[in-house]
Structures are given as structure tokens and as C-alpha cells.
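Produce the complete structure using the sequences and hints provided.
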Amino acid sequence: MHPLRAIGLTATAEDTYLALVQRGPTTSAALARILRVTPDAVDAAADELTGLGLVEPDGEQLVACPPRTALDALSEIRAKELGALRDSADELSRFWRDHHPEGPGYIEIVRTEEARKALQRRIQDEAVDQIRALSVGPSGRLTAPPEVAPGSLEALARGVVYSVVYGAQSLRDPIGREIIQTCVNLGERARVFPNVALNLKICDDRLALVSAPAHDPQRRHYIAVEQSPLLDGLIGVFESYWQMAVPLPAGDDSMDDVGDAPTDDARQLLTYLSGGLTDESIARELGVSERTVARRIARLQEVLGAQTRFQLGVQAGRRGWL
Numbered sequence: 000m001h002p003l004r005a006i007g008l009t010a011t012a013e014d015t016y017l018a019l020v021q022r023g024p025t026t027s028a029a030l031a032r033i034l035r036v037t038p039d040a041v042d043a044a045a046d047e048l049t050g051l052g053l054v055e056p057d058g059e060q061l062v063a064c065p066p067r068t069a070l071d072a073l074s075e076i077r078a079k080e081l082g083a084l085r086d087s088a089d090e091l092s093r094f095w096r097d098h099h100p101e102g103p104g105y106i107e108i109v110r111t112e113e114a115r116k117a118l119q120r121r122i123q124d125e126a127v128d129q130i131r132a133l134s135v136g137p138s139g140r141l142t143a144p145p146e147v148a149p150g151s152l153e154a155l156a157r158g159v160v161y162s163v164v165y166g167a168q169s170l171r172d173p174i175g176r177e178i179i180q181t182c183v184n185l186g187e188r189a190r191v192f193p194n195v196a197l198n199l200k201i202c203d204d205r206l207a208l209v210s211a212p213a214h215d216p217q218r219r220h221y222i223a224v225e226q227s228p229l230l231d232g233l234i235g236v237f238e239s240y241w242q243m244a245v246p247l248p249a250g251d252d253s254m255d256d257v258g259d260a261p262t263d264d265a266r267q268l269l270t271y272l273s274g275g276l277t278d279e280s281i282a283r284e285l286g287v288s289e290r291t292v293a294r295r296i297a298r299l300q301e302v303l304g305a306q307t308r309f310q311l312g313v314q315a316g317r318r319g320w321l
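For the sequence shown, position 96 matches number 95 in numbering that gives the first Met the number 0, and the numbering has no gaps at all.
Think of the hints as simulated: they come from the structure by calculation, not from any bench.
Hints should not be assumed to be uniformly reliable.
As the list claims (entries may be wrong) - What follows is a set of in silico ranges between Cβ atoms, one per label pair, in the way DEER data are often shown:
#1 Glu113 x Ala211: 16 to 24 Å
#2 Ala117 x Ala83: 15 to 23 Å
#3 Glu113 x Arg35: 30 to 38 Å
#4 Ser288 x His220: 44 to 52 Å
#5 Ala5 x Glu301: 53 to 61 Å
#6 Asp42 x Ile234: 30 to 38 Å
#7 Gly158 x Ser288: 41 to 49 Å
#8 Ile108 x Ala72: 34 to 42 Å
#9 Glu90 x Ala28: 49 to 57 Å
Ideal Cβ placement from N, Cα and C applies to all residues, glycine included.
Here you go:
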């Protein structure tokens with residue numbers, strides 16, 4: 000439980016308030032011993048809490064106040080600030096369009112990495128119903144290992160529906176596979192397609208962030224697209240990929256023989272195939288020889304009537320084997 004940190008207070012301020020609620024009026028010195036922090040840290044925390052009306056001094060002691068009135072007042076202040084921020088954004092956007100008539104108002108070039116990260120986080124935080132995404136996967140020079148996008152796990156936890164189509168190369172990296180599996184196990188609807196052409200993230204039906212892969216991340220350009228025919232077109236692009244892509248299963252299912260339903264090993268093999276892994280990589284993952292992998296793939300193709308490996312993935316997806 001971190002209710003006060005969530006609104007911007009420090010951890011020490013939150014711990015101080017909770018301690019006062021539990022223990023009643025307490026001196027700063029006693030709180031410092033209880034919380035194992037310095038007296039100066041408690042004094043700074045008390046200033047934070049007093050400013051919000053959550054704590055009052057009573058002689059040498061600090062006294063916790065009921066939170067409802069104080070936090071309702073803070074909520075009203077922040078709602079007004081948010082309204083003012085939106086009004087300012089609208090006014091400045093109109094001013095920008097007046098002086099840059101050459102570009103449509105529903106497109107904005109995101110020019111810095113900080114702005115891109117802020118917009119991605121905004122998409123995660125503001126999503127109400129769903130987030131749809133295309134992910135090319137690793138390309139060019141990676142400056143950092145793959146990671147779960149900040150805010151995505153929180154969005155999943157609050158019930159936002161995630162639907163993501165990953166490029167095959169996303170599954171070739173062990174860390175990338177682990178991250179994808181984590182998200183799938185938490186409820187993400189994930190599919191894989193051999194060649195995803197662009198990175199795309201759509202927040203509900205009102206905002207998208209789009210970029211094309213680049214060998215040099217510093218030269219990659221991002222475009223924010225608000226509600227417009229272009230956004231409708233991007234949603235259509237996502238839906239086309241979604242229909243063609245092969246589903247990824249939840250869980251750690253991992254093939255001996257094939258019957259009316261797949262074995263765990265068959266399901267795992269199909270997952271690796273859908274990710275575009277080579278026979279050598281699959282053999283290493285499954286702990287078998289490349290010849291065994293080729294034999295099992297041929298058996299699956301025979302059972303599902305697939306002439307190519309991609310057709311095999313599609314057929315398996317349609318049967319619910321993935």
C-alpha cells in the first residue's frame with residue numbers, strides 16, 4: 000500500500016503519516032527511531048504532510064489528521080490544474096498551427112528521446128479500454144537490453160486489454176522471449192508475424208505513436224497521431240496484421256507425437272517456429288538434435304496439411320494449438 004507516494008509524497012512522508020495513524024501523537028525524535036531515519040528526514044516529511052493538511056503539530060508532538068478532507072481538497076486543486084493544462088495545450092496547439100500551416104494539426108513529430116518516453120508513458124497511463132501495438136523487435140544497434148515498457152504492467156493490472164503483434168525477431172532474443180511471456184501470462188493477447196514493418200502503439204481510438212525501424216536509434220523518428228482519418232488507417236493496419244499473425248500461448252507449455260490435440264512439446268515447438276527461430280536454435284532450446292527437430296516439424300506439417308512453416312503456424316493458430 001503506497002497511497003501517498005502515488006500522489007507525489009516521499010516514502011518517508013508516507014511512513015511518517017502511517018506511523019502517526021497507528022501510534023497516535025508522537026514526537027519527531029520518537030518517529031525517527033521508529034522509522035530508522037534521521038530527525039531531519041522526519042522534519043522534512045512533517046513539512047510535506049503539514050502542507051497538505053495531513054499532519055498538525057501539537058506542542059512537541061505530531062498529530063495525524065483524517066485524510067478525506069485534505070485529499071479531497073488536493074484532488075480539486077489538481078483537477079483544476081489538469082483542466083488548465085489541457086486548455087493551455089489546446090491554445091498553444093492553435094497558435095502553433097497558425098504559424099505552421101504547412102502541417103496537419105493531428106500530427107506531431109516527436110523530436111527527442113525524452114519526449115518519446117513521456118508520450119509512451121502517457122499512452123500506458125491514460126489508456127482506459129485497450130492498447131493495440133505492433134513491435135518490430137530488435138533492429139540496428141541496441142543501446143539497452145529489452146525491457147517491459149514502463150506503465151504496461153500497471154495498465155494490465157487495472158484491466159486494460161493489450162493486443163500486440165510481435166515481429167519474429169522479438170522471439171529470437173532470450174530476454175525478449177522472457178519479457179513477452181511475462182506479459183502474456185499477465186493477460187496480454189500476443190501474436191507473432193514474420194515481418195512487422197513498423198512500431199505502433201494505439202491508445203484506445205484516440206492517440207497513436209508510430210515509428211519505422213532504423214539501424215541507428217538516434218536517427219529514428221517518432222510521430223504522434225491524434226484522432227483523424229490517418230489514425231483510423233493505422234488502426235486498420237494493426238487489424239490486418241492481427242488477422243494474419245499467429246497467436247502465442249500463455250504459460251510455459253513446451254512434442255513427442257501429434258494427435259487430435261498438441262502435446263506440451265508440440266506446442267513449445269510451434270511457439271519457437273512462430274518466432275522464426277532456426278532449427279539449430281530450436282534444437283538447443285529443446286535439448287534435442289536438429290534432425291529430431293526437422294522430423295517433428297515434418298510430422299506437424301503432415302498432420303495439419305501445411306506446405307510451409309508459416310502455413311504450419313497459421314493452421315496451428317486456427318486450431319487453437321497456440
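Here's how the hints hold up against the structure:
1. For Glu113 paired with Ala211, a C-beta distance near 20 Å keeps the hint of 16 to 24 Å intact.
2. Checked against the hint of 15 to 23 Å, the C-beta distance between Ala117 and Ala83 comes to roughly 19 Å, which is consistent with it.
3. The beta-carbon spacing between Glu113 and Arg35, approximately 35 Å, falls within the hinted interval of 30 to 38 Å.
4. For the pair Ser288 and His220, the supplied restraint of 44 to 52 Å holds, since their beta-carbon distance comes to about 45 Å.
5. Under the hint 53 to 61 Å, the C-beta atoms of Ala5 and Glu301, about 56 Å apart, fit the expected range.
6. A C-beta distance of roughly 53 Å is found between Asp42 and Ile234, which places it outside the suggested range of 30 to 38 Å.
7. Remark: the range hint 41 to 49 Å for Gly158 to Ser288 is upheld by a beta-carbon distance near 45 Å.
8. Range check, Ile108 to Ala72: Cβ separation about 39 Å, and the 34 to 42 Å hint holds.
9. The given range of 49 to 57 Å is respected by Glu90 and Ala28, whose C-beta atoms sit roughly 51 Å from each other.
In summary, the one numbered hint that this structure violates is 6.
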